[in-house]
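Asks: So you can see what is in the structure, the chains are spelled out below.
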Amino acid sequence: MHIIVQTKNVSKVYQKNGGVPIYALRNISLSITEGEFIAIMGASGSGKSTLMNIAGCLDRPSEGEVIIDGQAAHTLDNEALARIRNQKIGFVFQSFNLLPNTTALENVELPLIYSDRNNISGLAKEALNKVGLADRLSHTPAELSGGQQQRVAIARALVNDPEIIFADEPTGNLDLRSSYEIMALFQELHEQGRTIVVVTHEPDIAEYATRVIKISDGNIQNDTSNNHIRKAQEDLKKLIETAEVK
Amino acid sequence: MKTARIIKSSFMGLGKNKLRSFLMMIGIVIGITAVTIVVSAGLGAQKKVMTRVKKFGLESLMVFAGGGRETGRPSSGQPVTTLKLSDAETIKSTIPAIAEVAPFNRQGGGMIKYKEKSSTAMIFGVTPTWAPVWSWYTEDGDFISDEDNSRMARVCVIAPTLQKELFGDANPIGEQIRIGNVLFQIKGIMEARGISPGGGDMDNRVYVPLSTYMRRIANVDYIAGIKIRLDDVEKMNEVVVDIQSILRERHVLAHDEPDDFRVITPKAVTEFAKKVTGTFNIFLVLVAGISLISGGFVITNIMLIAVTERRHEIGLRLAVGARSRDIRFQFLLETIAITFSGGVIGVLLGFFGAFILRLATAIPVLISWEGIVLGIVFSSLVGLISGIQPAKRASDLQPVDALRG
Ligand SMILES: Nc1ncnc2c1ncn2[C@@H]1O[C@H](COP(=O)(O)OP(=O)(O)OP(=O)(O)O)[C@@H](O)[C@H]1O
Ligand SMILES: [Mg+2]
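Protein chains in written order, with the numbering used here: chain A, 935 to 1180; chain B, 341 to 745.
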């Protein structure tokens, strides 16, 4: 199978001038293969976001190698990394990070602005259609619910047809029902062949992934495949039914 | 295509923070308004001076009998009798840079009569060179000739105002008019010239041969002045010096005696006008400069705050593939767009102000494309300069740092 992201002995050290060095990551070696749905778990401060940022070319390792789609990303300049982020990677953030006072359509168009593609609004509409927001094109973030805003953010991550999507605690700011909806959307994308990495510290969210990597203090504590994948769509259905009974 | 999209995306951001955009514009609007008024008033004054100088002739200078100030009338009321026709001839024959000289005499308020009608006009005694030296020719008929001068002929050429007064629409050529007590036959009509630099009507005149004027009208042996046309304008200063030394020698003036003549050049006319408008311009240029510079500082600081406030936006743009130069371009463009808009408003207000100025004062004002170009170039330049630092700070942000917190 095709390896999309590979880290080799990646470390990240933060050192305030003169202070003790803090290791956010120590010697992480990891491969992410096409078609995987990975959950990265761990306590707060364990290094989940740091790992995701380095694997997604938002940040650089202090030591070690990062290979994206066969390219040695740690050797590339900022401009080449920007191109990789634009073409191969989609990000989803905990706090949605949509541009305020800007319509859903324009928010989804944003990555295309920096690409060489044509027909940007057509592609953006298509992406919004995929996340079920075809009827909310001209809504601004303030006019959308949290779950809808996160779906706009997912459409934005999808619009460049990336090799991999990284989501850092995508359900962290959402209620239970919206969380199920978002995870169901990720599962649906995964079934369509997308490679997805979700960072979370909620164990039940991790149950929707095919592989779970646990991080502790900058080390990989264990890396297992999930044999009992739950269906977010079913959990959502149950939640709605119990709500109706009440 | 890509650049166009980034530009469009930058402009979208502007409309979304109107108060900020407005605050950033104020200084520029004031500055450019002042710049526009300065330019309009400056060009107006310049144009006025240039039309004066053009009427006088750029390649011409004038020698007047009588010393005293550079411009204006001679200091004493007594006529100065030292300037002679032979002075003009000597000047012409000794200074090679001179193309032509036109000696003349004149008197104001001369009584002119045609049958029972009468009028007053300025009487000029001239030679044929008068016409080419002033580039001022007859509209109809002929000008005074050399033969007229040598014969001391009683012929004259009249100018349009006098023609209207005495003849209305009838053709006056061949008619006899009385200048003082002497009858003259009209042989030509001059082209209209309008108002003189001094405010007089240059068309209320009658021209007669200089010799006739001196003997039959004024009975004098001196002339009032010499209009001189040069071959080479570059030699103006040397010619002035030469004329001064020739005339001083011919008039036998001692070392400590002042000149008994004045030489007036177009430069003297221009410089006098420049002195007047200069003071006003310095004041407005100061206002413009100070408001543009302080406006620039305000813009830099507001944009620096904006960069901090919009860190997440910058981080997001970087995360989805913007390069740092795209970010730099965006912020620079936003700043320039704001100052440019301020510049456009300033130019409009400036034209309005210039218009008011023209109504309220005697200052001539010219609304011109120079004002528009200058206002827009200046305001964009202020945007460029004051936008550099914020744009650099924005583009120096690393994606993770921008996205955090
Ligand atoms: N810019 C930085 N400077 C110094 N230390 C940092 C910096 N960024 C991260 N760290 C440290 O690195 C470690 C890992 O941080 P990271 O954000 O990856 O944790 P996390 O697992 O994502 O935590 P959370 O669940 O709270 O988001 C933490 O100890 C954090 O304090
Ligand atoms: Mg984190």
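Derived by calculation from the structure, the hints in this document are not laboratory data. A portion of the hints provided could be inaccurate.
[To be verified] Beta-carbon label-pair distances, calculated as ranges:
(1) A:Glu-1060 x B:Asp-741: 27 to 35 angstroms
(2) B:Leu-359 x A:Gly-1004: 46 to 54 angstroms
(3) B:Ile-347 x A:His-936: 36 to 44 angstroms
For each residue, glycine too, the CB sits at the ideal point set by N, CA and C.
Asks: State for each hint whether it applies.
Replies: Each hint, compared with the structure:
1. A:Glu-1060 x B:Asp-741: 27 to 35 angstroms: 33 angstroms, holds
2. B:Leu-359 x A:Gly-1004: 46 to 54 angstroms: The hinted range 46 to 54 angstroms holds for Leu-359 of chain B and Gly-1004 of chain A, with Cβ atoms some 50 angstroms apart.
3. B:Ile-347 x A:His-936: 36 to 44 angstroms: Since the Cβ atoms of Ile-347 of chain B and His-936 of chain A sit about 38 angstroms apart, the hinted range of 36 to 44 angstroms holds.
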